[in-house]
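Peer 1: Chain residues, written in single-letter form:
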Amino acid sequence: MDNSFADKLRKKSFLLPEAYGNEVVKKVFQRKDMLFALLALFFFVGLALFAPLISPYDPNAINLKNKNLNPSEEHLLGTDYLGRDLLSRILIGAQTSLSIATGVVLISLFLGTAAGCVAGYYGGIVDESISRLIDIFLSFPGVIFALTILGALGSGVFNLMLALSIVHWAKYARLMRGQVLSIKKKEFILSAITSGAGDFYIIRKHIVPNAIATLLVLATIDFGHVILSIATLSFLGIGLPADVPEWGAMLSSGKEFMRTAPFQTIFPGLAITLIVVIFSILGDGMRDILDPNHEGGEIY
Amino acid sequence: MSLLEVKDLSVEFPSGENTVKAVSHVSFEIREGETFGIIGESGSGKSVIGLSLLRLLPANAKVSGRVFFQGQDLLSLKPSELRKIRGKKISLMPQNPAGALNPVLKNGLQIEEVFEGNRDEKKEGMKKALELMKQLFLRDPEKLCTLYPHQLSGGMRQRLTACISLSFEPEILVADEPTKGLDPEAKAGAVDVFTKIKTEYKKTMLLITHDLDLAFEVCDRIAVMYAGEIVELDQASKVLSTPLHPYTKGLIQAHPRNGLVPLSGQSPSRIKLPEGCLFHERCRYSDVECSIKHPEIKYYNGGLIRCHFLSLK
Amino acid sequence: MKYFLKKAGFMAFTVFAVCALTFFLMNVIPGGTAELILKHTLIGLEESATEEQLIQFSSRYNLDDPLYLQFFSWVKEAVLRGDMGTSYVYKKPVIYLLALRLPATVQLAGASMALAIVVGVSLGIYSALQENRISDHILRIITLFGVSMPGFWVALILILIFSLKLKLVPVSGYGNLENMLLPAAALSLHSIASIMRVTRTSMLETLGQEYIRFAKAKGLPVWKIISRHALKNAMLPVITVIGFQTGSLLGGAVVIEKIFAWPGIGGLLVDSISARDLPVVQGCVLAIVTMYLLVHFLVDMLYTHLDPRIRYG
Amino acid sequence: MKNKNSPLFIILIILLTCSFLLASGCSSTEENDTKEAVSGTEITSGSDAKGSSEASTLVLGEMWEIDSINTLAGGGTLICEKAAITETLVGANDDFSLKPGLANSWEQLDENTWEFKLRDDVSFHDGSKMTVKEVKLTLEKIIEANPKVASMLKIDTIEEVDEYTLKIKTKEINPILPGILHYPDTAILSPSSFDGSGEFVKPIGTGPYKFESFDERTRILTVVRNENWWGGKVGLAKMVLKGIPDPNTRAMSIENGEVDFTVDVPYSETDRIGALDGIIVEKYKTPRVYKLDVNLKHDPLGDLRVRQAMSYAIDRHDIAEHVLYNVGEAAAGPFLPTMVWANKSLSPYTRDLEKANELLTAAGWVDTDGDGIRDKGGKPLKLNMMTYSARPGLPPMAEAITAQLKEAGIGVELEIMEVGSINDRRKKGDWNLYLAAYNIAMVPDPEYILTNWYMTDGSDNQPGYSNPKVDSLITEARKITDLKERYKKFSDVEAIVYEEQPMIIIAYYGCAIVKKDYVKGYVFDPTAHDYRINAGMYIEK
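Protein chains in written order, with our numbering: chain A, 1 to 300; chain B, 301 to 613; chain C, 614 to 926; chain D, 927 to 1467.
Bear in mind the hints are in silico, worked out from the structure with no lab data behind them.
One or more of the hints may lead you astray.
Stated by the list, open to error - Here are the simulated PhoX-like pairs of lysine-lysine, each with C-alpha atoms no more than 25 Å apart in a straight line:
| hint | chain 1 | residue 1 | chain 2 | residue 2 |
| --- | --- | --- | --- | --- |
| 1 | C | LYS778 | D | LYS1067 |
| 2 | C | LYS780 | A | LYS255 |
| 3 | B | LYS307 | B | LYS487 |
| 4 | D | LYS1415 | D | LYS1442 |
| 5 | B | LYS428 | C | LYS837 |
| 6 | D | LYS1442 | D | LYS1410 |
| 7 | A | LYS184 | A | LYS205 |
| 8 | D | LYS1095 | C | LYS705 |
| 9 | C | LYS705 | B | LYS378 |
| 10 | B | LYS422 | C | LYS845 |
| 11 | D | LYS1095 | D | LYS1059 |
| 12 | C | LYS704 | D | LYS1067 |
| 13 | C | LYS845 | B | LYS406 |
| 14 | A | LYS205 | A | LYS65 |
| 15 | C | LYS845 | B | LYS443 |
These figures come from a predicted structure and were not determined experimentally.
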């Protein structure tokens, strides 16, 4: 990110006509911030994967007499309001948070790509109706929408994923539609059509591979947004039950204890912030690498 | 008398761990009233020279050497003093007029802003500029001022930028690739414009171009650049009709009028310059010496040339 | 003109569709509208309603009609007479409630947006001009964390610091400027960071443009280059982002209003959803979506105003 | 341009941006106008509501949003108990026995006839005298507006005997009629509270404080001293009631000195705030219990042994101490021990995992596969528990109970839902356990609760409990007018359900009163729904 402008200058510069290649991996390694973010992400994912093995306590075992403890040797990050070990809960919480976010991003990526493809590729009335639908979903503030859907479905991991996906897919669909529209104009699509390829084949072989980079950038940045949305919904009291260890739920149920036992908000809050920071850095970096002509704001 | 003297100018751009040598050790002078041309392929560093005179290169460029204008070294002037020279004494006519005009501002404003000072001075200036626009074959200049750049044709934009550059009556006009990207008709128009500037306004000009026709029509003296170096410098007629350097020869032969014989090969990497003559890999006349020893620039027959003279043997 | 009609048509359609969606969504929520409303008004959350009460209530508000009939009668009343129904909980016309609560939200969102734009754009420009210096890095790290922290956490931390530790502003309340400071700051933080980041990128991109170089070559002072040439162009992508930020501001207002006991429409909406006060939910959603679309429309207009290249026929 | 780095330059940029914004017409300056325009919606009957911080003005941080000041539409409790604008005919002592209110005395003439004698020295805030005419009108309004109260009152006719004597005939025998007239929704209003068409405008009552204004935007209710209160001197010149629904915000508001009196800060904060200079925290019990409903129709829960085991597995004292921070207390039966009719021989189940183990093993539930969850015939003992978050004590209590039951080998999956969704599930019977906080003295008499909870067709008998003995005891008690006899029958019912645990009573609900130390003379009324503001409260700085 630091060198993005210099990079751009160089790319545009007449001095280095061929220096810009497709070596994404090499680029990642050239950027210290991305490398750092990647390492941190691996660290988090590793923690999440091995959480049951490394967490020192049962994350749901309460010990009322040991409630609201500050960090100590026994409980490295302290305990929460029911005396549950915070470290264990944050570790297991990583599993919940990351898998919910992954689920939401994958579902909305899939839905959005499909809808955007169909709209952009077929055009006409199909495009018109899907675009209207996208507009409708985009003009509805996400939090409120999720609130209503969760109200209808009840809380729980699966319902949360579903509600957030319904809120998030439209962003992907709009982006994908734009991508398809611009790719459709390219010569190779025309030649594919003249050579008699089927619609599905063209979409699968030509359009999706050319658009996916941009979508992946959005997905990466969105990952962080999903985690923040979960926390917001938890705050409004309809995210996940508090006994499911999840960072957002922990943060919001710990907020009552901000004064007396601040660590039960500090640690989950930091965990959320860090993971969102990591995904922002990765997303920005990927955008610079994969999608150099992207204009700043489109995604937000 | 020389109005502008460039001495040992080198420009480098850092790129990751390497540096790109855009211009190396270039020296020349521009005499009062003459039109000095710099020609060469894209990427030969000729535009960088033009920009470095006014210190318009990106901040990461490393510039060394001297540029004397009226006894001042432009490269070591304070920004506030530099500002008094930019646009007033030395003005730049940018390459790609489409990009050089701010798309969101009206043409009039972009002309007017050259004149600083109070309203009367501005009015006075605008009057002159409108006059100038008429001179430069722009019809209905008043209306033009109320339009936005995208509403003009390429040729009109080109003349407009010329007008902006000339309106303060600078002592030197630096024209950076003025015909780049213009259609043939507009190109022909550009030649007329420059001839007019030269003959009627008697301007001193630095014309940076790869358009040999334009250079031939307008320039008094010409420097040929290759890979950041001047390889030949002489009277325009001499350079273009009886080129000495093999690169200049190639360049002229590549011209459509001369049968479009392209120069084979590519320019060398500017990060790691090859040993010996920079041109030897593409040179028809190259010899062992050429690949070992870098030729120095020498006087020859009233001009300057950077070659081991193998082509003359 | 035709363009605006078309646009207005789209907006009306979107508002209608969102209302319909809300209506049916609210009706599939389990819990029995009549019973829940009674619980929230007359009998207390944990008590159960009598059969008689339910029947009386349902027939008073026609809750037993088929959904589409209920919806169409709502639309009819709303369109023909501007009557969006009467709140089950507050027993007041929805219009009246909106008139009470909407200004607070508009104030909060407006103040946050103004704050976000002023601070975000200024910092973005500053950061761009300081590219890769220490202050740029620090700013960017701060904003990176700014967008990454959960909003309600930030709000609570702000209260702890500014209200309880420093005693500068009250914890909650409504009416004075000092009441607005903290909620507006908390709400705008995310937008400040987004706007700053976009401004920085776009400013850098703009500063690399040729017309900036040409402006420099004209000898314009720095502030003029930035204010006249760079800012207007750099603002174009920023304006788009501002449009999108409105949505997140309106959504974020729900949380912020709850924390600061701000008497706005967001809190009303959340309360009404859980009380199944359907007419109020409908009214709030209608208001929010309309506001959102209007801001987008304004953004579109502003965009055309700033960028002369875009003209709608 | 790259070497300009001074602060001046930054200011320049900011100014530029501002001017740019102004020039672009992107403004939000119409705000001030709109604010002016709507302030006309304030209902004002006295001077402006903006209370300066004069000595005897008290700012009260109320725990719910003030949605309505209409006593006929949900505002009853607030207007009567918290704002002290209106009063009821009947009062109650701390042990929930009744005492005179606006009515001096009452008498049951025959099975269906009651006679109430009103005080003759009471006048409304509008200056008019309170007589039977106004009382009759109020009661009729309430019966019309609130079917729930109407169904409890069972009033047939109201007769004016003389100016201060009222005769009420009920449709059927209703021994709890005076108790219901203690309910704040039945507080007496002046006819001038309504406009010509009978619509409610503002509450005009007889209480120690007079309604001054209600700002519908900020929802701030202001009341002022009633100089002519029949009960004597009133402590405060003015009281400003502000709804602050978030417990955290209430805590910070009183800490920051924005309110002088509030209730129910987060329970965990009570000790910390109590230790602060100038703030006093008092913890009381209120007539409400945390209760775990058990769906008896769900297979293992119909088994008495399983229910008892569950009751033994729950550590009520730990929960009261560590989850409620002693804002509340471990509970035995549905009634507070301080209530005059409560069965005082019962004591809370104490935790006994061994006993729970015995009972479960006897019922056939043993952990055979070693996963920590008992099973029987290959089916694990897994239950779901629903609760809601509107009351801050519930979610953490539910979590604690979940963990404690798990220690006894009972797996519980916790779901925190909206009340609406819970209702739906309960109607469908698709639930096992439901943790809620129930009011136990909406009417200061045991009949109401015991009927609703434990009778076979009781309206709150969601567990589906049915015990003919309980049914007959309650039916018998209804006809008994002698209080002692009545209470005896109800005590027997309490003892039975204590044994059978169709609803597992966890703890009594508490209330933490948080006030500044200059607020003096406050007396807690344990019969109030949340808390009651007494006339004697005053400020002394």
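Peer 1: Does each hint hold? Answer for all of them.
Peer 2: Hint by hint, here is what the structure shows:
1. For the hint pairing LYS778 of chain C with LYS1067 of chain D, the CA-to-CA distance comes to about 51 Å; that exceeds 25 Å, so the pair is violated.
2. A threshold of 25 Å between alpha carbons decides the hint, and for LYS780 of chain C with LYS255 of chain A the separation of about 21 Å falls inside it, so the pair holds.
3. Simply put, LYS307 of chain B and LYS487 of chain B have alpha-carbon atoms about 32 Å apart, too far for the 25 Å limit, and the pair is violated.
4. The straight-line distance between the Cα atoms of LYS1415 of chain D and LYS1442 of chain D is roughly 45 Å, outside the 25 Å bound, and the hint therefore fails.
5. Between the alpha carbons of LYS428 of chain B and LYS837 of chain C the distance comes to roughly 23 Å, so the proposed pair stays at or under 25 Å and holds.
6. For the given pair, LYS1442 of chain D sits about 42 Å from LYS1410 of chain D by alpha-carbon distance, which is inconsistent with the 25 Å threshold.
7. For the hint linking LYS184 of chain A to LYS205 of chain A, the alpha-carbon distance of about 13 Å falls within 25 Å, and the restraint holds.
8. For the hint pairing LYS1095 of chain D with LYS705 of chain C, the CA-to-CA distance comes to about 35 Å; that exceeds 25 Å, so the pair is violated.
9. Distance restraint check for LYS705 of chain C and LYS378 of chain B: the Cα-Cα separation of roughly 71 Å exceeds the 25 Å cut-off, and the hinted pair is therefore not satisfied.
10. In summary, the hint linking LYS422 of chain B to LYS845 of chain C is supported, as the alpha carbons are separated by about 23 Å, within the 25 Å threshold.
11. Annotation: proposed proximity of LYS1095 of chain D to LYS1059 of chain D holds, straight-line Cα distance about 16 Å (limit 25 Å).
12. Distance hint between LYS704 of chain C and LYS1067 of chain D is fulfilled; the C-alpha atoms sit about 16 Å from each other, no more than 25 Å.
13. The suggested pairing of LYS845 of chain C with LYS406 of chain B holds, with an alpha-carbon distance near 12 Å, which does not exceed 25 Å.
14. Taking the CA atoms of LYS205 of chain A and LYS65 of chain A, the gap is near 62 Å; set against the 25 Å cutoff, the hint is violated.
15. For the proposed pair LYS845 of chain C and LYS443 of chain B, the alpha carbon gap of about 23 Å is at most 25 Å, so the pair holds.
In summary, the structure is inconsistent with hints 1, 3, 4, 6, 8, 9 and 14 from the numbered list given earlier, while agreeing with the others.
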